[in-house]
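Put together the whole structure using the sequences plus the hints.
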Amino acid sequence: MGQVIVVTSGKGGVGKTTTTANLGTALAQLGNRVVLVDADIGLRNLDVVMGLENRIVYDLVDVVEGNARLKQALIKDKRNENLYLLAAAQTREKKDVTAEQMKNLTEQLAREFDFVLLDCPAGIEDGFKNAIAGAQKAIIVANPEVSSVRDADRVIGLWDAQDGDRSPAMLIVNRVRPRMVARGDMLEIDDMLEMLAVDLLGVVPEDDHIIVSTNRGEPAVYSRDSKAGKAFQNIARRLMGEAVPIMDLEAEESLWSRFKRIVGLGRS
Amino acid sequence: MGNRRLSAEDREALEQTLQRAGMVLLSVKEEGDPVAEVQAPEAGAPPAPQPPSETALVVTKTVRSGQEIRHNGDVIILGDVNPGAVVVAAGHIVVMGALRGVAHAGCTGNRTAIVAATKLRPTQLRIAEVIGRAPDGDAPQSYPEVARIRGDLIVVEASADKRQASALEAVGAKEDR
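Chains as they are written, first to last, in this note's numbering: chain Y, 1 to 268; chain X, 1 to 177.
To be clear, the hints were calculated from the coordinates, so they are not data collected in a lab.
Using N, Cα and C, we set each Cβ at its ideal position, and we do this for glycine too.
Some hints here could point you the wrong way.
To be verified - So the derived list for chain X, only partly shown, Cβ under 8 Å to chain Y, looks like this:
id : residue
1  : R64
2  : S65
3  : G66
4  : Q67
5  : D80
6  : N82
7  : P83
8  : G84
9  : T118
Unchecked claim - Label pairs and their calculated CB-CB ranges:
id : chain 1 : residue 1 : chain 2 : residue 2 : range
10 : X       : P135      : Y       : A182      : 41 to 51 Å
11 : X       : G109      : Y       : E194      : 32 to 42 Å
12 : X       : E157      : Y       : R224      : 56 to 66 Å
13 : X       : R111      : Y       : Q108      : 56 to 66 Å
14 : Y       : A243      : X       : P140      : 28 to 38 Å
15 : Y       : A182      : X       : D152      : 39 to 49 Å
16 : X       : E9        : Y       : D163      : 25 to 35 Å
17 : X       : D152      : Y       : R237      : 56 to 66 Å
18 : Y       : Q162      : X       : A158      : 51 to 61 Å
Right under this line is the structure:
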């Protein structure tokens with residue numbers, strides 16, 4: 001049986017879809033059979049980020065309603081044959097799917113795949129409840145800002161309150177700007193961990209590559225010089241049980257800015 | 001962090017803390033799942049007056065945003081109370097951790113109730129009908145502190161050395177006068 005992992009955050013716009021796409025791709029690159037499930041029914045995005053929008057014939061709601069078999073609805077990724085996507089329905093609503101249906105669906109997928117990654121919608125209403133229903137693990141994505149941490153805390157509380165066999169939530173701190181953290185303008189990761197009291201799965205720096213790759217429908221892990229892509233690759237290896245040290249963003253940053261200063265390009 | 005069990009050392013530390021605050025630990029009610037004590041907040045309704053129970057409720061978990069602990073006696077939390085979380089007790093509230101949310105001790109009108117925490121950084125403190133918040137820009141202390149009513153204000157003092165007392169800003173009715 002594969003692992004069913006939900007990627008969630010409470011707050012919108014912190015990088016759930018980006019994380020799901022990149023982590024899934026990185027896991028597939030490492031030889032795992034991976035399926036990405038877009039649980040954001042009515043506001044689907046994951047297909048766009050993966051560049052698979054034009055291949056959707058059947059979606060998640062078609063499967064749970066019996067209009068299509070699961071095999072028919074799974075879209076094979078265009079670059080990696082280990083990677084599949086189950087798209088969300090765009091013309092339907094969250095309440096068209098029940099938690100029970102989602103649970104059955106993820107159970108079915110876990111039999112075929114090593115990793116089932118669920119891209120959870122923002123909020124803590126029905127869409128969220130459906131998405132976490134069948135998951136054994138939760139990845140909480142948070143940005144180093146107070147409102148995001150507050151929502152992450154709320155979501156961790158809801159995750160802990162669920163019954164069933166579930167692992168403690170894991171945290172990915174996304175969109176970190178090391179220079180702002182160094183100046184004290186951004187929350188320190190240690191402070192976030194102290195407050196949220198969960199294990200740190202990874203730290204992902206803010207990276208312009210993400211915007212480019214999102215628009216192009218090509219996850220940043222394919223880009224060789226994307227720092228965020230590298231961070232997601234490390235996270236994928238950690239999910240597989242490898243001990244990979246957390247990237248020291250500050251050290252890299254200061255070395256780079258020092259180099260720029262020496263060659264006379266530095267702004268700081 | 002996260003899940004905590006009450007070990008013998010914990011219990012001893014707890015008894016000492018309570019003693020300093022003038023309380024005696026009568027019994028410990030260990031809850032496997034403190035979430036069971038969490039109730040949906042009633043829309044603006046004050047807690048229904050009930051006969052105070054003698055047992056202290058011990059919560060061995062971090063109380064997170066959106067969670068609410070209500071108890072008809074003293075509440076002891078072995079963990080943090082995060083911003084957005086609410087703890088309401090008819091008696092005292094003791095947090096063996098950081099109190100960053102809202103705490104309301106003596107909610108049925110007991111003005112002698114106290115709120116104590118290893119790190120006392122509440123969003124807001126309420127004791128009986130008095131509401132207070134930390135003055136803006138107030139630097140948080142790193143030692144355990146106790147909040148209690150003195151006169152008509154909530155006053156925070158170090159749990160060991162009572163000379164370092166500081167008054168909280170009044171919130172609500174008093175401010176409007």
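Hint check:
{"no.": "1", "hint": "R64", "in the structure": "3 Å, holds"}
{"no.": "2", "hint": "S65", "in the structure": "4 Å, holds"}
{"no.": "3", "hint": "G66", "in the structure": "5 Å, holds"}
{"no.": "4", "hint": "Q67", "in the structure": "5 Å, holds"}
{"no.": "5", "hint": "D80", "in the structure": "7 Å, holds"}
{"no.": "6", "hint": "N82", "in the structure": "5 Å, holds"}
{"no.": "7", "hint": "P83", "in the structure": "6 Å, holds"}
{"no.": "8", "hint": "G84", "in the structure": "6 Å, holds"}
{"no.": "9", "hint": "T118", "in the structure": "13 Å, violated"}
{"no.": "10", "hint": "X/P135 x Y/A182: 41 to 51 Å", "in the structure": "29 Å, violated"}
{"no.": "11", "hint": "X/G109 x Y/E194: 32 to 42 Å", "in the structure": "35 Å, holds"}
{"no.": "12", "hint": "X/E157 x Y/R224: 56 to 66 Å", "in the structure": "59 Å, holds"}
{"no.": "13", "hint": "X/R111 x Y/Q108: 56 to 66 Å", "in the structure": "60 Å, holds"}
{"no.": "14", "hint": "Y/A243 x X/P140: 28 to 38 Å", "in the structure": "35 Å, holds"}
{"no.": "15", "hint": "Y/A182 x X/D152: 39 to 49 Å", "in the structure": "45 Å, holds"}
{"no.": "16", "hint": "X/E9 x Y/D163: 25 to 35 Å", "in the structure": "31 Å, holds"}
{"no.": "17", "hint": "X/D152 x Y/R237: 56 to 66 Å", "in the structure": "59 Å, holds"}
{"no.": "18", "hint": "Y/Q162 x X/A158: 51 to 61 Å", "in the structure": "40 Å, violated"}
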